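> Next come the chains, spelled out residue by residue.
Number of protein chains: 2
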Amino acid sequence: MKQKITIALDAMGGDAAPKIVVAGANIARERLPHVEFLMVGRAAEVEPLLDKKEKLKAVTTFIHTDDVVRADERPAIALRSGRNSSMRLAINAVKDGRAHGVVSAGNTGALMAMSKFVLKTLPGVSRPAIASYFPTLNGEMVMLDLGANISCDAENIVDFAIMGNAFARSILGIADPSYGILNVGSEEIKGHEYLHDASAILRTVKLPGRFHGFIEGDDIAKGTVDVVVTDGFTGNVALKTAEGTAKLFNEFLRQTFRSSTLASVGYVLARPALRMLRKRIDPRRYNGAMFLGLNGIAVKSHGGTDALGFANAIDVAVDLNRQDIISKIELGIAALHRDTTSDSAQVVAG
Amino acid sequence: MKQKITIALDAMGGDAAPKIVVAGANIARERLPHVEFLMVGRAAEVEPLLDKKEKLKAVTTFIHTDDVVRADERPAIALRSGRNSSMRLAINAVKDGRAHGVVSAGNTGALMAMSKFVLKTLPGVSRPAIASYFPTLNGEMVMLDLGANISCDAENIVDFAIMGNAFARSILGIADPSYGILNVGSEEIKGHEYLHDASAILRTVKLPGRFHGFIEGDDIAKGTVDVVVTDGFTGNVALKTAEGTAKLFNEFLRQTFRSSTLASVGYVLARPALRMLRKRIDPRRYNGAMFLGLNGIAVKSHGGTDALGFANAIDVAVDLNRQDIISKIELGIAALHRDTTSDSAQVVAG
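Heads up: the protein sequence lines correspond to chains L and F, in order.
For the record, in the first sequence the residue sitting at position 210 is 464 according to our numbering, with numbers rising by one throughout.
For the record, in the second sequence the residue sitting at position 66 is 320 according to our numbering, with numbers rising by one throughout.
FYI, nobody ran anything at the bench for these hints, they're computed from the structure.
It should be emphasised that the depicted structure is a prediction, and the values quoted were computed from it without experimental measurement.
Hints may be right or wrong, so weigh each one.
One copy or two, either will do: identical chains are not told apart, so a pair holds if it fits within one copy or between any two.
What the hints assert, rightly or not - For lysine to aspartate or glutamate, the following DMTMM-like pairs were computed, each having C-alpha atoms within a straight-line distance of at most 20 Å: (1) K311 <-> E394; (2) K444 <-> E327; (3) K533 <-> D320; (4) K501 <-> D536.
Make a model of the complete structure from these sequences and hints.
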C-alpha cells in the first residue's frame, strides 16, 4: 500500500484563487487516492467551496488566515510582513513536517523568498534554482534556472546540473538523463568563461547522468539533452521566447484556417487531430515549476492556470516526494564535493 | 532614374556555393534592374554558371581567385591567411569604393572579423553588432546583437539601440520605431545592472525612435517593440530558441495531419492556405543579417540558404544602401555623444 502524502496548498494564490485551488485539489484527489491536503486561506472564501465537495473536504485539513500575499507585492516586503499569510503558513507546514510539499499559484518572487527563508538551502548547494519541464521533438526535457539567479558562476551551473538531473529522474522517469550547458555556437564566439569552467568540472567529476557538453538554443526544443542547464537570465528569456513563438505560430495557424472556405472545411476535418496536438503542447500539462536545492518541496503553479493546471502542479509535488528528489540532490552534491575536494580540485581552481 | 548600385558577392561562401550565389544573383537581377554585381570566386567553378545566364553576365564583373575561406576555419586564421580569399576580396571592393555593399553566405566569424578589419568600426561606435529581422504578430521586428558580443556593457546596449533603430527605419520602413531592452520580468529579479544603466541613458538622451523600456522574451514574437536590444549571448540563444520552437511546432503539425485519414483530407483542403502560412514564416524571407556599426555594408546570408534566400540577402544589402543606413547610424551616434557629453553625462556616470 502506498504511504499517505499530505500536500499543503496556498488557497489564496493565483488569478482565480481560491476557486481553481479547490477545484484543482478535487481533480488531484480523484487521481491520487493516497494524497491528503492541508489548505490555508480565508475561511469565508474557501469553506463554502469546500462544503460543495464532500469527498475533498474529507481529506482536507483547513487552516484559516486572513492575510494574503498580493500578486504585485515585493518579495522582501512579503517576507517581512507576510508571516501570517496563506503562502507562508503553507510553507511552514512543510518545515514542521505536517506536509510533504507545498503548492502555490501566487507571487513567484515571494514564494521563492519565503521558501528559501523557511525551508533553507540544502547543505553544499550554492544557490537554489527554478526548474520546469517542457515538450520536445524527442519527448520532454527539464530546464533550469528559469529566473532565480540572474548572474551565475561555474559552481552554480554545476549545482544546477546536479539538481536538474535529479529532477529529470524524478519527474520524467529517465534513469540516466543527459545534460548540456546552454551556450552560443559560432567558432569565434564561445560564450562566457564561467560556462567553460563549469564544463571542465562536469567533464572531470563523476556525477549521475551523462554530460553532453554545450548545446545551442535550437537544441532545447529538439530534445538534444534531457536537462538544459543555464543561468536564470538566459533561462527566463529562452522560456518566454519559446512561449511567445508558440503563441505566434498558433495565431498564424488560426488565421490560416480562417483565410478561405476550403481551409475552414479542412480545419473542421482535422479538428479532432488538432485537438490532440493542442493537448500535447497544453501549457497546463507542463504546469508546476519546482524550487530546487531547498530542504523541502515547493512547487510554483502558473498564476493564470485553471483547475486542471493546478491539479498537475499538485501531481508534480507528489511525484517529487515519492521519488525522494531531495535525497537524489543530496547524493549528487555529496559526490561533487567528495570529488572536487580530492583529485579534481585543480580543475575548479584552473 | 535610380542610381546604379554595385553589390560585391562572395561566390564561394555557403553550403551550395557557387551555385546558389549565381542563381540568387540572377533572381536579384530580375527584381532590381539598377543593380550590378562584382562576383569573386574560382573561375573554373563560377564562369560556367555565369555563361549560362547571359543577362546576369552582362551586369557582372567577375574576379578570379583560387583562395576560399573554409566554413570551419577559425576567424583569426582566416583573417591572417585569407588575404586573397573570395570573401576578403569582395569586402575589399566595398572599402575601395568599387561596390556599395558585400553579401556572403560563408563563415560568419570570418566575415565579421574581416569586415571589421577592412571596413573599420564607425567613429563613436563602441562595438559592431549583428542584426536581423523576423516576423511577429504585429508585422516584423529587428533584433540585435545576435552573437557578435558575448559580454556587453551599458554603452554597447545604447549603441545597439541606435543602430537597430537605423536598421528598422531602413529595412522595415518604420518612420519612428519603438525599441526595448530584453530583460527578465519578475519583481524580485530585475536583470543585470548594466541594462538598468542603459535604460537610464536611453530615457534621458534625445535619440531617434521611441524607447519603450524593458521587454520580456514573449514580447519578441508578440511584436511589442520594433527593435529588440540585447547582448550577443542572450540574442543568439533567443534567436535559436525561437527557430527551434518553430521547427517543433511545424513537426508536431505535420504529425497531426498524418494522424488520421480525416486529418489528411483536412490537410489537402487547407493546403493552399497552409502554403501561404509557410511563405509568411519562410526563413528565406528573413535571410540577411547585417553587421551594423561598420563603415560599409556587409550582409551575412544563412549558409544553408537557397537561391531565393540569397537573392533576399542581396535585397537587404541594396535597401540598406538606398536608405543610407550608415548616415542614419552616424547621426544617432552623434546625437548620443552630443547629449552625453553635456547635460546627461551624470546619468552615464551614475
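> Against each hint, give a clear statement of whether it holds in the structure.
Going through the hints against the structure:
In the homo-oligomer, the alpha carbons of K311 and E394 never lie at most 20 Å apart, since the shortest distance is 35 Å inside one protomer and 52 Å across protomers. With identical chains, the CA atoms of K444 and E327 are at most 20 Å apart between copies only, with a shortest distance of 14 Å across copies and 39 Å within one. Within a single copy, K533 and D320 get their C-alpha atoms no closer than 37 Å, and across copies no closer than 56 Å, so neither meets the 20 Å cut-off. Both within a single protomer and between protomers do K501 and D536 lie at most 20 Å apart by alpha-carbon distance, with minima of 11 Å and 17 Å respectively.
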